[in-house]
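Chemist: One line per chain: the protein sequences are A and B, in this order. Residues in the first sequence are numbered consecutively from 1, following the working numbering. Residues in the second sequence are numbered consecutively from 1, following the working numbering.
Don't read these hints as lab results, they were simulated from the structure. These numbers were taken from a predicted model, which means no experiment stands behind them. Careful: at least some of the hints might be erroneous.
Said to hold, decoys possible - Heads up, simulated SDA-like pairs for lysine to any residue below, C-alpha to C-alpha not over 20 Å straight-line:
no., chain 1, residue 1, chain 2, residue 2
1, B, K56, A, K105
2, B, K127, A, K336
3, B, K78, A, E746
4, A, K468, A, D541
5, A, K336, A, P385
6, A, K698, B, E126
7, B, K127, A, K178
8, A, K105, A, Q28
9, A, K723, B, L261
10, B, K56, A, D720
11, A, K723, B, K56
12, A, K723, B, E126
13, A, K694, B, R122
14, B, K56, A, E746
15, A, K168, A, D118
16, B, K127, A, E381
17, A, K698, B, K127
18, B, K127, A, I360
19, A, K178, A, D504
20, A, K698, A, G369
21, A, K168, A, T225
22, A, K694, B, K127
23, B, K127, A, E691
24, A, K354, A, E304
25, B, K305, A, F686
26, A, K666, B, R122
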Amino acid sequence: MAVKFDVNGAQNVEVSKKLPCEKPLAEQLEIMEEYTRVHREASNGPKELREIACLKVLYPRLFRKIEDQDLVAGRLDFLPIGFGCVTSVGGVGHYCVFNKLLAFKDQLEDEKQKARVDQLYQYWLDHDLKTKYCREVLTEDTIGRFIDVNYPLIATARLSGMMLDYPKLLDLGIGGLKNLLKGKLENEPENPFYLAGLECLSLFEDCAEALAEKATFQSADTSETRKAELLQIASDLRKIKTDRPETFPQALQLFWLYAMLAGVINYARLDDCLGPFLAKDIEEGRMDQQDAYRYVKCLWTMIENRRTTVNGRVIVGGKGRKHPKEADVFLHTALKVAKDCRYVEPQFTLRVTKDTSEEIWDEAMDALGAGATYPTLYNDEVNVPAVAYGMRVDEKTAEMYVPFGCTEFVIQGQSTGTPNICMNLLKMMTIFMNDGVDPVDGMRKNREIPCPPLSEYKTFEEFYAAYKRLLDYYMDLSIQAQYYSYEVMNRDVSFLFTSLLTDDCIERGKALLDGGVRYLGGTNEIYGLINASDALWAIKDLVFIRKKYTLDQIEEAMLANFQGYEELRADLWACDKYGNDLDTADGMATDLYEYVAKGVRQRGIDAGMQYFLVVISNNQLNTEWGRKTGASPDGRYMGQYMNPANNPQGGANTSGPTAMLNSLAKIDARYHAGSVQNIKFSPEFFAENREAIKLLFKTYFEQGGSHVMVTVVGRGVLEDAVKHPENYKDLIVRVSGFSAVFVNLEADIQQELMSRVLYD
Amino acid sequence: MTEPVLKIFDIQRFSIHDGPGIRTTVFVNGCPLHCPWCSNPESQKGRTELMHFDRKCTRCGRCFRACPNGAISFSVEKGPVIDRSKCQRCGICARACLSDAMRMTGKEVTVDEVMAIVRRDRHYYEKSGGGMTVSGGEPFLQAEGLAALLKSAREEGIRTAIETTGNVAAESFQKAIGLVDTWLFDLKHADAQMLKEVTGGALSLIVENLKQALREKDSQVIVRVPVIPGFNFDEESLNGIFRLAFSSGASQIDLLPYHVLGKSKYAQLGREYTQEGEKGLDKKELIPFALIGQRMGLTITISGKDPASIGG
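This is chain A alone, in the form it adopts within the complex (with noise of 0.2 Å):
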């Protein structure tokens, strides 16, 4: 069946725009041109020889000039038609991004550049491997495209998060790496896998070669400071291009320019990378505490400039990293980077152990306390183990995870981890409680599964049993279009240079997703966990406990989004709500938690992957797709936002901190490969009280808290909270000997709070 979709739909949330192409319009057509031409001529020989001609055609093409801050090169451009891994940079696979050939079609004057265009768009009509991807998989009422919310569940091809051996390319170098595969090649000297893969590093050379020659192109014409520094990167990266760095400038190059080129835009563990070279220049003198600092804060605004809004995460602490010491020099001078930076990327990712000493709980405080929102808190001592459990490793291995993108667990260099499913859980309520058919469309999605009139219901029991059907049928569909996305994305392209630094792509002669991978993983993240549960609570408590509404009373009112319904929707809302820590609403939600993460989990087995796990993130998603999603049970209306993260729904939570903590610890941490918890504070709070809010943190983290984000909130949120006070309960306000709520106080009792500082 050939399913409609629109293939000029915009394929992932830009929230910041990047820079335009430096080159001329004619120079980027041509450079797409020439790509086509490639791709077609070598379609008929090895994909990984295809991919590695095309990769030829872009780079070193596509290397920007180099910005004055830079103390490393590699900055790059990408065009509507070209290679990646992921949406955000460029696309997936051999791409096309059909919006933006038709936006870079509508710049061009000349008809016939025009025309040339046009064929283009047709020949990737048929070649873009996601398009590929989406006529195969997607359908007219289950599955929809990323990122169409009128669909319950949504799917996409994409290699998303790959976090690489950077340790191995430290170790070995470029040169090392050659041999590596040219003794591979002895024994099977055909195998195309090597073949290209040693094209890919003979690519890197001259990718380096040309930057290098750029550097010293831009030395002819600046200051004599700026001169130096540029010969400085023209001499380094001649160095990596075949040799093992030696100094931190070079090792941080040598990462740098093969990440570009890779695609990837999550970073790893770069403190146990990075931080030996770092130490090493400083103990022998060739750096200072400043110099680290500048290199420190070039790597942050070179990944702040690739503007991938959810991913560029660099990780720092935590267990199993080889060189602890040295690490932690890379590590304190990023806590002070992220701190006076506070950009949106990296995303920098602390990770916790019961050992982690209290200067660097003090320097996460303090860059958290000055606005950063960074570094974002995991907690080694039960994701160690519940990754062991989850992704079934042992724990040694385990160690070696690593949060990318929202939160999503890969284990560096050795796993895949997409999340290339969503699934809106509160929606498929609506539609089950709506025989089947969604309320915001008026379209069935059910298929075959029952949903029989709610009248029949006689237990709670029978209720959320014939709910879990749906679930097990939305379950099936997320674990079908994930596997097949790797098998689509396998058919096409070996994502070369990402493979050539995965476990045991070399060991295996084959790319990735051909097996190359140890640990063949997915993700499916789920949206309205918390609603759904709540809402199960709430229909548990007043049809079946209290018996004070029929299920059809509230199916009734919920379609009429509780218009004229008000005192029903006021019971639903004042039933309990999960982030109190009550036994009643958290019960409910870590049950419906279990059973969609275990089953999950099971049919990810069931497939033979190592591991398909949920992931409970944090974005815009929430927002989104609650925008798309009928009136629930919980008193949630049509239209409004769902609960974000594995948080409680916006305004449900109102017993202070400690309770919130304690409900989200309730979620066992083994069966998600992540899950964001968020936590606000103002900023006078925070700073008057940062003593308190460590020793909370770590408690919680002692009674089995996986992950906290620490927001301290500005002035505009609190403004917000005097108008919007339903949104802001869990604003909290503490003075000595005094009761109150902050929404509950006077609007001029609030901004006299805001204004101030004294009061604690």
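Since the structure of chain A is already known, use the hints to place chain B on it.
Modeler: What follows is chain B alone, placed relative to chain A:
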């Protein structure tokens, strides 16, 4: 035997300014004093109270229609106006309200019910040296229930604190002896006449109880002084309080700068806020007085903080 009960109006978790560490504060109802600056006026009468939160009110009129006593008049401009003389505090209007704008405060709970909440944060207390604080109102007005609560907490290894006016009968006060780790003992003025006039308190009773608390071997006593403009925010008054505390044997004093955060509640209760002063005091304004106390050999904090750590 009937279970011991307490009249309370709030249980606040993650309290961090009512004793050491992270605590849960149980606010009990009823107070022998009537300090005009009181930030918890809903506790003063020791009974349930109807509070109206005007900024949440949607002017739907449901409360007005629900009231069986004709105590609520209603107009869209003014919203509900409660005639407190007719109001029976039955709570029917609060149940009718869909926007949480009418609320009954104050309820009766058993000690077990309180403990069920208090013990949930036990790990936070252990990590931070915190525990449970009973505040108010005046805890000793419910001395039996209070003692039962303190005992329960102690039995579970949870440390206890009491915030008290000290203005209670010695027999009541006696009931908590041996059950308290930290006393937060209010001393508002050293001039008996002034204290009586403004707050209704009896200084001699307060001082006797303070001495009693100070005789406790294993507990810490922190004398708390709410510093209120027009009442005791002057050198003479504070000096007097320091001297009285010192002569009673106290060594730690915490100065609490006047704040206006409780002001909203007066309107919500339909009462007049009679304390003068639109703005609270800044901690910094108390530093000179803290120095006076320190010269006497007292340990002085301002809102729990060392004056030296408060930025200029």
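Chemist: Would you mind marking each hint as holding or not holding in the structure?
Modeler: Now for the hints, and whether the structure bears them out:
1. This hinted pair does not check out: K56/B and K105/A have alpha carbons roughly 53 Å apart, beyond 20 Å.
2. Proximity of K127/B to K336/A is assessed by CA-CA distance (about 28 Å); at most 20 Å being required, the pair is judged violated.
3. Our distance criterion of 20 Å between C-alpha atoms is met by K78/B and E746/A, whose separation comes to about 16 Å.
4. The hinted pair formed by K468/A and D541/A meets the criterion: a straight-line CA distance of about 19 Å does not exceed 20 Å.
5. The suggested pairing of K336/A with P385/A is violated, with an alpha-carbon distance near 30 Å, which exceeds 20 Å.
6. Between K698/A and E126/B the alpha-carbon distance is near 11 Å, which keeps this suggested pair within the 20 Å criterion.
7. For the given pair, K127/B sits about 53 Å from K178/A by alpha-carbon distance, which is inconsistent with the 20 Å threshold.
8. This hinted pair checks out: K105/A and Q28/A have alpha carbons roughly 11 Å apart, not beyond 20 Å.
9. Restraint check for K723/A and L261/B: the C-alpha separation of about 18 Å stays at or below 20 Å, so the hint holds.
10. Distance hint between K56/B and D720/A is fulfilled; the C-alpha atoms sit about 15 Å from each other, no more than 20 Å.
11. Taken as a hint, the K723/A and K56/B pair is honoured in the structure, with Cα atoms around 10 Å apart against an allowance of 20 Å.
12. Only pairs whose Cα atoms come within 20 Å are accepted, and K723/A paired with E126/B is rejected, the gap being roughly 38 Å.
13. Distance restraint check for K694/A and R122/B: the Cα-Cα separation of roughly 16 Å lies within the 20 Å cut-off, and the hinted pair is therefore satisfied.
14. In summary, the hint linking K56/B to E746/A is supported, as the alpha carbons are separated by about 10 Å, within the 20 Å threshold.
15. Restraint check for K168/A and D118/A: not satisfied, since their Cα atoms lie roughly 44 Å apart, outside the 20 Å limit.
16. Restraint check for K127/B and E381/A: satisfied, since their Cα atoms lie roughly 17 Å apart, inside the 20 Å limit.
17. A hinted pair counts as satisfied when its Cα atoms are at most 20 Å apart, and K698/A with K127/B qualifies at roughly 8 Å.
18. The suggested pairing of K127/B with I360/A holds, with an alpha-carbon distance near 19 Å, which does not exceed 20 Å.
19. Of the supplied pair hints, the one linking K178/A and D504/A holds, its CA atoms being roughly 16 Å apart against a limit of 20 Å.
20. Straight-line distance between C-alpha atoms of K698/A and G369/A comes to about 17 Å, which keeps the hinted pair within the 20 Å bound.
21. With a C-alpha separation of about 34 Å, the suggested pair K168/A and T225/A falls outside the 20 Å cut-off, and the hint is violated.
22. The suggested pairing of K694/A with K127/B holds, with an alpha-carbon distance near 10 Å, which does not exceed 20 Å.
23. For the hint pairing K127/B with E691/A, the CA-to-CA distance comes to about 12 Å; that is within 20 Å, so the pair holds.
24. Among the hinted pairs, K354/A with E304/A is inconsistent with the structure: their alpha-carbon atoms are about 31 Å apart, more than 20 Å.
25. A threshold of 20 Å between alpha carbons decides the hint, and for K305/B with F686/A the separation of about 15 Å falls inside it, so the pair holds.
26. Pair hint K666/A plus R122/B holds up; C-alpha atoms about 16 Å apart against a cutoff of 20 Å.
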